[in-house]
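With chain A's structure known, arrange chain B on it following the hints.
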Amino acid sequence: MKITVNGDATTVAATTLADALVEMGYGDVKVATAVNEDFVPASLRATTELTQGDRLEIVAPRQGG
Amino acid sequence: MATFYGTEVSSRLMLGTAQYPSPAILADAFKRSGAGIATVSVRREAGSDKAGNAFWDLIKDLGVAVLPNTAGCHSVREAVTTAHMARELFDTDWIKLEVIGHMDTLQPDPFALVEAAKILTEDGFKVFPYTTEDLIVGEKLLQAGCEVLMPWGAPIGSGLGLSNIYGLRSIRAQFPDISMVIDAGLGLPSQAAAAMEMGFDAVLLNTAVAKAGDPALMAEGFAQAVVSGRMAYDADPMEPRDMAAPSTPLIGKAFL
Numbered sequence: 001m002k003i004t005v006n007g008d009a010t011t012v013a014a015t016t017l018a019d020a021l022v023e024m025g026y027g028d029v030k031v032a033t034a035v036n037e038d039f040v041p042a043s044l045r046a047t048t049e050l051t052q053g054d055r056l057e058i059v060a061p062r063q064g065g
Numbered sequence: 001m002a003t004f005y006g007t008e009v010s011s012r013l014m015l016g017t018a019q020y021p022s023p024a025i026l027a028d029a030f031k032r033s034g035a036g037i038a039t040v041s042v043r044r045e046a047g048s049d050k051a052g053n054a055f056w057d058l059i060k061d062l063g064v065a066v067l068p069n070t071a072g073c074h075s076v077r078e079a080v081t082t083a084h085m086a087r088e089l090f091d092t093d094w095i096k097l098e099v100i101g102h103m104d105t106l107q108p109d110p111f112a113l114v115e116a117a118k119i120l121t122e123d124g125f126k127v128f129p130y131t132t133e134d135l136i137v138g139e140k141l142l143q144a145g146c147e148v149l150m151p152w153g154a155p156i157g158s159g160l161g162l163s164n165i166y167g168l169r170s171i172r173a174q175f176p177d178i179s180m181v182i183d184a185g186l187g188l189p190s191q192a193a194a195a196m197e198m199g200f201d202a203v204l205l206n207t208a209v210a211k212a213g214d215p216a217l218m219a220e221g222f223a224q225a226v227v228s229g230r231m232a233y234d235a236d237p238m239e240p241r242d243m244a245a246p247s248t249p250l251i252g253k254a255f256l
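Here the protein sequences line up with chains A and B, keeping their order.
Read in order, the letters of the first sequence correspond to residues 1 to 65 in this note's numbering.
Read in order, the letters of the second sequence correspond to residues 1 to 256 in this note's numbering.
Next up, chain A with everything else stripped away, as it sits in the complex:
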């Protein structure tokens, strides 16, 4: 299905957030996620179903002031 990942149009075969993260190579990467602007905790990724057109944000620790 087609979704948007960090602003970029992306096609994924996975139907859950957890599987999509693994499919995109984030399986063992320290990230946090939001779907359609709402935070999705790591504990809910396996049961969070993705649907066509979802907007997924994947963030990681970065430098900040």
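Since the hints were made in silico from the structure, they are not lab data.
Every residue gets a Cβ at the ideal spot worked out from N, C-alpha and C, and that includes glycine.
One or more hints might be untrue.
Facing chain B, from chain A, some residues (calculated, C-beta under 7 Å) [stated by the list, open to error]: (1) Asn6; (2) Ala34; (3) Gly65.
Leaving out everything else, chain B in the frame of chain A:
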């Protein structure tokens, strides 16, 4: 010692982690600064290159407490979602809450700031709000559940120092028992010392150190200024006066 939400911090200097020439220089600056709290952010992970993991390993090695921010957020929803992502990533309920209202000055949007602070406090966060010196906004933030206020010295990254001395003195006097941090706008150690002499509990800065020609040296300069300024505050300084008062006794002076 400064206390933030019941946590004692030995250093009154809080340091940002952005804009350093290299990770090694960042680490060196932190060691020289003695800072006990580092601000960090969350940003989009570009691909699966694990840049976030590498940065996180660097911060963990510093052995400091981490204060994630919501930098760049312009709405309540954006800030709240970012805070939740930061809490999970950094495993801390501390959040430096920034809700920006003006692009050129990066002045906080006080209305959105108060609303976001209330939501996050109810969600269990310990909120460090980046605010102005406005007394009413300060009062509303405390009512929203904040136990720390972080008024700006000047616009972020400007290096202008304490642009409204009267306003900062007022907010310090208005909330004498609240931990208060001067956040943003400092460019020189003398400005940090001035903030500490006014009785602020700590200062938070980033650009002044990261963009100095020698960040580690500037970090130590700020560290010493913060200590000196606090010593002066604790020492109960003399009152200034308009006219001279001779320090050398007149009694006993020879008649010549």
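*What are the numbers of the hints that this structure violates, sorted from low to high?*
none
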